[in-house]
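Student: Just so you know, the protein sequences line up as chains A and B, in that order.
Note that my numbering has the first sequence beginning at 101, numbered continuously upward.
Note that my numbering has the second sequence beginning at 2, numbered continuously upward.
Hints in this document: simulated from the structure, not taken from any laboratory.
Careful: at least some of the hints might be erroneous.
Stated by the list, open to error - Lysine-lysine pairs mimicking DSS-like chemistry, simulated, CA-CA at most 27 Å apart: (1) B:8 with A:140; (2) A:469 with B:8; (3) A:269 with B:138; (4) B:138 with A:264; (5) A:140 with B:138; (6) A:269 with B:156; (7) B:156 with B:138; (8) A:112 with A:375; (9) A:110 with A:469; (10) B:138 with B:109.
Here's the letter readout for the chains.
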Amino acid sequence: MVSRPNIHVKSKVAVVGAGITLFRRRMLETPRELAWEAAKQALDSAGLTIRDIDCVVIGSAPDAFDGVHMKGEYLADGSGGLFKPTVRVYVGGGTGVFVPIAAWWHVASGLCRTVLAVAEEKMSPARPHPQGVFAYIWDPVLERPLGPNLLWIFALEMRRYMHKCNASKETIALVSVKNKRNALDHPAAQAAANITVEDVLNSEVLVWPVNRLDVSPVSDGAAALVLASENEARRITDSPVWIEGVGWTLDNTHWYNRELGYPRYVQYAARMAYKMAAIERPWRDIDFAEPYDPFDYKELHHIEGLMLARPCEAPKLLEEGWFDRSGELPTSPSGGLLGVGNPIAAAGLMKAAELFWQLRYEAGARQVKKPVHRGVAQAWGDLMQAGTVVVMGN
Amino acid sequence: MPDGGKKLPGTYLSDKDLRALPGLVEHTPEAKYMFSAGQAQSRFLQGLREGRILGVRCPRCGRVYVPPRSYCEYCFAPTGEWVEVSGEGEVHTAVVSYISTFRERMEKPEIIAVVRLYAPGYSGKGDEYEFPGMFHKLCGVSEEDVMTGRVIGMKVRPRWRPPEERIGSVTDLECFEPVKS
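Turn these sequences into a full structure, and let the hints guide you.
Tutor: So, in structure tokens, the structure goes:
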């Protein structure tokens with residue numbers, strides 16, 4: 101039985117090209133140069149020029165990182181957006197997957213035939229450490245007087261997840277081990293490594309239970325996709341990758357008023373995307389996933405939010421190798437944020453790009469073992485509140 | 002993926018490389034803000050100054066909000082019925098922070114927690130997902146209590162600053178501390 105899509109579209113939408121820069125702690129290029137490098141590469145991979153593009157969608161996270169207070173406008177020329185309908189979208193860490201979602205509705209609505217979708221982040225300019233910039237996402241009245249560090253909120257969530265699901269730090273560290281190992285095969289990777297659980301446990305304790313190697317690094321980088329309507333896509337390529345479903349939701353900013361062990365907002369976003377894609381049993385119908393992994397426990401948390409495992413089941417499946425590249429349901433075959441790096445918006449789009457490469461069997465050494473027909477990418481953001489999900493198929 | 006042989010664009014710089022660049026620009030933005038706490042939170046902060054924790058109840062769905070909001074997010078209706086909670090509650094989750102806001106190592110670690118407050122008459126409608134609660138510091142517990150998980154579910158209550166030191170801020174509540182049984 102196929103459920104009815106919950107949305108009417110004028111055209112199916114395909115991804116026809118993708119590009120990415122290196123992800124590094126600090127780079128010479130300006131944010132707009134990084135955007136240009138990724139955008140140009142995405143166009144080249146589709147065999148298109150900027151003249152073939154109708155509309156441009158740009159994604160970038162807080163202005164305070166790059167230090168330019170109008171990043172959409174600033175990035176417009178490097179993203180190919182001059183004299184075209186151009187928009188910048190932003191939902192915190194969820195931005196990277198929100199970029200293909202926004203690009204999707206540009207095409208699905210019939211408004212644009214081709215869209216260049218670009219995500220860029222340059223975190224390195226912020227001094228002395230980009231952590232300080234996160235101080236300004238907290239509520240000014242209720243939270244900032246306590247002198248919070250962004251890691252607190254993740255540590256609180258991780259601690260709750262560990263308690264609720266009886267998951268140990270050792271088990272959770274396996275995510276970091278897996279993703280950093282997967283990233284050894286990613287040419288953009290910044291934090292690829294062969295490490296052990298002991299390395300994670302022995303790394304610096306930042307906010308217990310979060311150690312240094314439980315967290316993704318600070319990065320600069322950019323990524324881009326080209327999206328096209330069905331007619332255009334079939335002209336451009338023999339192997340378009342279809343966007344089958346998109347979903348996104350926001351919860352409130354009062355993260356201390358809810359159960360932190362399960363991400364409700366991710367589940368709602370996933371349900372929207374699965375409904376559109378006519379997926380009723382995601383744990384069976386999805387072949388591989390790119391869940392958002394800025395922290396190792398987050399991948400497990402998000403696997404459950406995406407309904408790819410039952411609540412609290414992900415740690416056990418992880419131990420069994422279920423999520424390895426050769427496993428039943430490979431997760432973060434790219435290497436994820438933990439391995440490839442975390443230039444915020446670009447990292448999320450890197451995950452969407454991985455769906456494209458995997459579904460075209462172009463992922464090289466990263467190609468998952470099993471045949472793939474359908475993948476899901478997800479990002480999360482803001483104060484434990486944004487969920488963005490995209491499902492693609494070949 | 003661009004084939005393995007071709008190097009991806011982007012030029013890595015070490016911190017030293019960066020500092021040696023011609024035309025390096027340094028800039029510190031100057032911005033100062035004065036935030037009003039708004040209708041609901043101003044009264045909440047006033048309550049804290051008096052050593053009381055106030056919330057509001059939605060007349061339609063019965064949800065109790067602590068900290069209070071002037072509207073119910075779910076019914077999209079005005080709240081307005083104020084309730085005082087005892088301040089007692091249980092620890093939902095807690096962690097030990099060794100770093101400051103700007104990621105400097107702290108000499109003395111802090112224990113941070115989310116406290117699920119007991120709210121009389123709270124009709125959560127069986128939905129355990131939401132609860133009246135606060136994000137604050139914990140005192141009177143050890144790092145080990147956090148790491149072993151002893152602290153989760155522990156019954157706690159507010160420790161107030163002396164009245165003359167209170168300024169109408171969340172810091173008027175010094176921390177939550179265990180209720181000795």
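Student: Has the given pair, residue 112 of chain A with residue 375 of chain A, been kept, meaning a C-alpha gap of at most 27 Å?
Tutor: With Cα atoms ~15 Å apart, residue 112 of chain A and residue 375 of chain A stay inside 27 Å; holds.
Student: Hint check: residue 269 of chain A vs residue 156 of chain B, CA-CA at most 27 Å. Holds or violated?
Tutor: holds (25 Å)
Student: Can the restraint linking residue 140 of chain A and residue 138 of chain B be considered satisfied, given a maximum Cα separation of 27 Å?
Tutor: Violated, at roughly 49 Å.
Student: Tell me if the straight-line CA distance from residue 8 of chain B to residue 140 of chain A falls inside 27 Å.
Tutor: holds (15 Å)
Student: Is residue 469 of chain A within 27 Å of residue 8 of chain B, Cα to Cα?
Tutor: Given pair residue 469 of chain A, residue 8 of chain B holds - Cα atoms ~25 Å apart, limit 27 Å.
Student: Please verify whether residue 110 of chain A and residue 469 of chain A have alpha carbons no more than 27 Å apart.
Tutor: With a Cα-Cα distance of about 35 Å, the restraint between residue 110 of chain A and residue 469 of chain A is violated, given a limit of 27 Å.
Student: When you check the alpha-carbon spacing of residue 269 of chain A and residue 138 of chain B, does it fall within 27 Å?
Tutor: OK: residue 269 of chain A and residue 138 of chain B at ~23 Å, within 27 Å.
Student: Taking 27 Å as the top limit, are the C-alpha atoms of residue 138 of chain B and residue 264 of chain A close enough?
Tutor: holds (21 Å)
Student: For residue 138 of chain B and residue 109 of chain B, compute the direct alpha-carbon distance and say whether it is at most 27 Å.
Tutor: holds (13 Å)
Student: Straight-line Cα separation of residue 156 of chain B and residue 138 of chain B no greater than 27 Å?
Tutor: holds (14 Å)
In this structure, the earlier hints numbered 5, 9 are contradicted, and the remaining ones agree with it.
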